[in-house]
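Protein chains: 4
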Amino acid sequence: MGELRRGFASDNNAGIHPAIMKEIEAANTGHAVGYGADPFTSEAERLLREHLGNDTEVFFAFNGTAANVLGLWSVTRSFNSILTASTAHIEQDECGAPEKITGCKVLTVDTPDGKITPELLVRHMHGFDFEHHAQPKVISLTQATEMGTVYTPHEISIIAGYAHGKGLLLHMDGARISNAAVSLGLPFSEFTTRSGVDILTFGGTKNCLMYGEAVCFLRPGLSENFKYLRKQGMQLASKMRFISAQYIGFFRDGLWEKCAGHANGMAKLLEEKLNGISGVRITQKVESNGVFVIMPKSVAEEVRKTFFFYPWDEAVSEYRLMTSWDTTEEDIEDFVRLLKKEISHQ
Amino acid sequence: MGELRRGFASDNNAGIHPAIMKEIEAANTGHAVGYGADPFTSEAERLLREHLGNDTEVFFAFNGTAANVLGLWSVTRSFNSILTASTAHIEQDECGAPEKITGCKVLTVDTPDGKITPELLVRHMHGFDFEHHAQPKVISLTQATEMGTVYTPHEISIIAGYAHGKGLLLHMDGARISNAAVSLGLPFSEFTTRSGVDILTFGGTKNCLMYGEAVCFLRPGLSENFKYLRKQGMQLASKMRFISAQYIGFFRDGLWEKCAGHANGMAKLLEEKLNGISGVRITQKVESNGVFVIMPKSVAEEVRKTFFFYPWDEAVSEYRLMTSWDTTEEDIEDFVRLLKKEISHQ
Amino acid sequence: MGELRRGFASDNNAGIHPAIMKEIEAANTGHAVGYGADPFTSEAERLLREHLGNDTEVFFAFNGTAANVLGLWSVTRSFNSILTASTAHIEQDECGAPEKITGCKVLTVDTPDGKITPELLVRHMHGFDFEHHAQPKVISLTQATEMGTVYTPHEISIIAGYAHGKGLLLHMDGARISNAAVSLGLPFSEFTTRSGVDILTFGGTKNCLMYGEAVCFLRPGLSENFKYLRKQGMQLASKMRFISAQYIGFFRDGLWEKCAGHANGMAKLLEEKLNGISGVRITQKVESNGVFVIMPKSVAEEVRKTFFFYPWDEAVSEYRLMTSWDTTEEDIEDFVRLLKKEISHQ
Amino acid sequence: MGELRRGFASDNNAGIHPAIMKEIEAANTGHAVGYGADPFTSEAERLLREHLGNDTEVFFAFNGTAANVLGLWSVTRSFNSILTASTAHIEQDECGAPEKITGCKVLTVDTPDGKITPELLVRHMHGFDFEHHAQPKVISLTQATEMGTVYTPHEISIIAGYAHGKGLLLHMDGARISNAAVSLGLPFSEFTTRSGVDILTFGGTKNCLMYGEAVCFLRPGLSENFKYLRKQGMQLASKMRFISAQYIGFFRDGLWEKCAGHANGMAKLLEEKLNGISGVRITQKVESNGVFVIMPKSVAEEVRKTFFFYPWDEAVSEYRLMTSWDTTEEDIEDFVRLLKKEISHQ
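Protein chains in written order, with the working numbering: chain L, 1296 to 1641; chain U, 1296 to 1641; chain Y, 1296 to 1641; chain C, 1296 to 1641.
Please keep in mind that the hints were generated in silico from the structure rather than gathered at the bench. As the structure is a prediction and not an experimental result, all values here were calculated from the model. Treat the hints loosely; a few may be bogus.
The list cannot tell twin chains apart, which means a pair is met if one copy fits it or any two copies do.
[To be verified] As a list, the in silico DSS-like pairs of lysine-lysine whose alpha-carbon atoms are at most 30 Å apart: (1) Lys1461 to Lys1522; (2) Lys1592 to Lys1563; (3) Lys1317 to Lys1553; (4) Lys1600 to Lys1522; (5) Lys1553 to Lys1580; (6) Lys1636 to Lys1461; (7) Lys1592 to Lys1461; (8) Lys1600 to Lys1580; (9) Lys1563 to Lys1580; (10) Lys1317 to Lys1592; (11) Lys1553 to Lys1522; (12) Lys1600 to Lys1563; (13) Lys1563 to Lys1636; (14) Lys1636 to Lys1600; (15) Lys1568 to Lys1461; (16) Lys1600 to Lys1461; (17) Lys1522 to Lys1635; (18) Lys1461 to Lys1563.
Modelling step: build the complete structure from the supplied sequences, incorporating the hints.
Pasting the structure below:
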């Protein structure tokens, strides 16, 4: 298959943890009823309830875009609006899927660090009960954020209180929820269910799984029609047990924590090594597995020939470096060595 | 995980072929660019072109519902209509996904055996250019059909000619395309590309894969915007290489043919054993891996306690029995023995 | 503006009754708050409640397609299905608007006379609670039907009972509700609210108005979000008073009854005159303002050069002749005379 | 009907010009083919071509929201994005209709005066050809703007050039296009077709008509499927001649110009009278028929008991005052007198 280039492009460029592969194989025995009525799925659901609270209702989908969109769809009507950060995945990286599928308006606010606050959101909190205006219904935040920062439970509680006070719900895009949990040193429930989150996309693909994300309803009464929406949203897996088995592996022996902890640690190491290099500036707090840096464009272009990574804001020559469960210290040393070399050649 | 009940409920109740598992493991080495820009995907695409024709454009999706809907979406506008059999998966088993996603009207015709013909379709072929009427744009057939029957290349050519003559396109839902190919003893291209099919859902999940189906555009010029539709349709896999690797395994050493051949053979065996049992009547030609039988409801209910399978038409006590790549002769013998016992107890 | 050709093409080819014009002019005095918060609209709503029952909630829309689609939209989610006759306006003549706007599947049954029955509908009443299958939610009938026939209150009650027994709602497309009321000799409420209809499109445009139809919710609790759906459905009129004023005129001095009675009478006259003409056969009972006839195609083509009307079923040379509030006896005599002449020339 | 309160709430609170009423009556003679195939519609289309250019294709819709949304729908696919000012009607006042109907993302920029510029839009001009990102396709501006300001032809040309240079189209929401034309002292074509606008909502309802707005395609090749979209969008009027007749009246003897000129003049008068009142500050240039003022909230609340008008930005106590073709000097004098009285009472 040729040689695969390593890099820092995305945590989904990584492979699958061997323990997950084993779990998939273990599930590959004989027949199982399709579409989720199998014991693997029951067990995976039980594990997520264990981590998120007993009222949690769990539905697996194929990928993160779908988990976000289906979760939002289930609690909105098309005349609603969804409020989020302008950097959010649902705004920038889902090709308009939220609008197409939900029919809702997505309203955004600019943030310094990917984190929304009530103060920022207030500009969209008007027109309630006025038929000319799309009705605000859900606030969506991302944990860890697209900028690698992490909300504290307190910050989330404040947004949840604000949302609920206005009759809105709080959605969390947890594509990198494991990285956030490790960063905070807290169980998942602490900054989700207990902080007032209503609907959660629980992500696994970016943290060592092959595919499959979970839409989790953290309060009763929100998932009434979800089974139909998932099917109509083309996200009901026939051989569901192979998604579920991965989540069994994810929680076995704290695999998720080891993988996310490793990725976060590698980001910290990268931050350390980049600090002090002249011409390189880190632009966001490194709180999970992403490092945002400004560096000379010509340098970046050279380094990208060897290590794959993406520009973030071309206007200011800012780049995004993501680490993953399989990033090695050697990857980082090689990358930094090359970067320094290219800078010295300028 | 407890004991899993075997049965004839669906070919997607089966597991994954060990050779496919190996292929997935082989792809799990290091980093690969996400979303399909990896060598596994290139190779899988090449293999599909080899089997379907050099002009074929290939896009993987997660499941069959999505592959059907995205394929139809790419060649329609919302004011179009899609014509199909009333038994079609897009009509009965996708929870309205085609209407929701494409906005199109789905128009159906009743058929004796799941196979549409121009004569049946003619009732919907009117209102062209009349703005009050949804404009017919695609005919969709299923190969093998939901009734286990198989279209000949000639039958498909006739429908294709009819479609093209009216300015319509021909879509094939090939969820069980391997079973059809084995049944016909013909290469895939013979009853798809060469018979005039324009858009094909090439299925693998029902024939020993874990997940992943291919939307194949068999003529140039049909896929222009497809990459956006797939993403907005929430069907772009980040770790695409693990879908692609399965298709590499699917075509290696004719695995697809062995698996589908086995399933078809088991259906034939089941037919043989059921023939002549008093009170049991086979209702459709057994041409692929499904056997449709009328049997006393009380008998069926008893047998279903041991072997899982679905009613098809409760009004006439008709049941559907699907075989798969991993059905064994023992499965069939056990099933038939139990069935005979229950009939004798009546 | 040149000469306008008279004919039997549609009741909406007619003009506006002078009394309606006067009512519009009377409303054209000074300022009125837009979007329905005006006294004309309150009065029109009161009048519709008077005729349909005190629990009725009334919302005006611009046209009949919109009134049908918005009414159906308000009581469905996209994973639902809508059951109707294959001749229904929502199936044949709205260019797929129901599917586009509601996302629902529209399922049809063939009928001999445009009238659905529980026996015909039963084929679509399955798959409840099964996530793969679009969930039946509304039955839609047309009164008077597209074939000019009229349901009795008893027939409607039976369908309503069947719908409600299965947890479905009953929708009536009343584009020609006045013609049905006159035909039955009953008040509107008798064959709507009291017969179990839940949502009603109350039509006026085909019975002497300029534009504007009413979505009427006949039972409490169905219109919760309707004001947003109407606005998002692009059907909220800014200068609403000019729709409302027409409905005030419609009910003043029984104008609606005179107009519909005249149209129905003209259809009866046309039927009489056509009866017994050799080569001409009336195919449906003439119960409202439509007459369906089979006649030689060559004759029809000649007559259509003078009188405008539409083919209904070209396969059998069937044509539709609609009368309206302004059809004259002379129109009919001239038409029949010409028809006879053309037949004799054959 | 009780007494109607006059005010400055909206130009659509006004009635219909008597000359328009006469034109409607003149069209009410005998039969006319429905849905636009009538001589009134041909004439109205001809008049719009005369004013906008010979390549113009004209389609009438019921209201402004629909004209905007259908125009945008016709040139987009759901994976596109539409760029506009955060104050735009399509963003604030259409209850999410653009998202629901087109499926597109609507991206906004804040502006000081309702006028977009390339510099403001640049933040959304990225991600071209990147399947994860909604593809920018149309820029929409409003003329006159929602803030009462008016773009010069030069300003529009610059935006058009920018749009076309990036492969985008330029849409104009011309709900108040007459007010802009009068303000600029230029023919319509000068700041539309000749300035590079591609799709235009030509508004009449806010300038003395009863209902009916025109979607105008100013360049060939943009309207291919529009007739189907209009019907599926529930905007095809059956008795079209009564919309068309209004446009014939609109252009007869320059009625549009007199009406818009009067409204603009009244806004100027209002501005003059408000200038210099202590505690009252005009916040936007008065270039068409809207005056934006900051005044003490308590004063505004008192005055609103007599004259109806809307708050614009409650955070800063800003209000919007709209004049119309039937605003009188007396209205303004009475309003200003009352306002002064309330201020002196503070």
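Hints versus structure:
| no. | hint | in the structure |
| --- | --- | --- |
| 1 | Lys1461 to Lys1522 | both (28 Å within a copy, 20 Å between copies) |
| 2 | Lys1592 to Lys1563 | within (23 Å within a copy, 53 Å between copies) |
| 3 | Lys1317 to Lys1553 | both (17 Å within a copy, 26 Å between copies) |
| 4 | Lys1600 to Lys1522 | between (45 Å within a copy, 25 Å between copies) |
| 5 | Lys1553 to Lys1580 | within (22 Å within a copy, 55 Å between copies) |
| 6 | Lys1636 to Lys1461 | neither (54 Å within a copy, 37 Å between copies) |
| 7 | Lys1592 to Lys1461 | between (45 Å within a copy, 24 Å between copies) |
| 8 | Lys1600 to Lys1580 | within (27 Å within a copy, 54 Å between copies) |
| 9 | Lys1563 to Lys1580 | within (10 Å within a copy, 53 Å between copies) |
| 10 | Lys1317 to Lys1592 | neither (43 Å within a copy, 42 Å between copies) |
| 11 | Lys1553 to Lys1522 | neither (33 Å within a copy, 35 Å between copies) |
| 12 | Lys1600 to Lys1563 | within (24 Å within a copy, 57 Å between copies) |
| 13 | Lys1563 to Lys1636 | within (21 Å within a copy, 67 Å between copies) |
| 14 | Lys1636 to Lys1600 | within (14 Å within a copy, 70 Å between copies) |
| 15 | Lys1568 to Lys1461 | neither (45 Å within a copy, 40 Å between copies) |
| 16 | Lys1600 to Lys1461 | between (50 Å within a copy, 28 Å between copies) |
| 17 | Lys1522 to Lys1635 | neither (53 Å within a copy, 38 Å between copies) |
| 18 | Lys1461 to Lys1563 | neither (39 Å within a copy, 40 Å between copies) |
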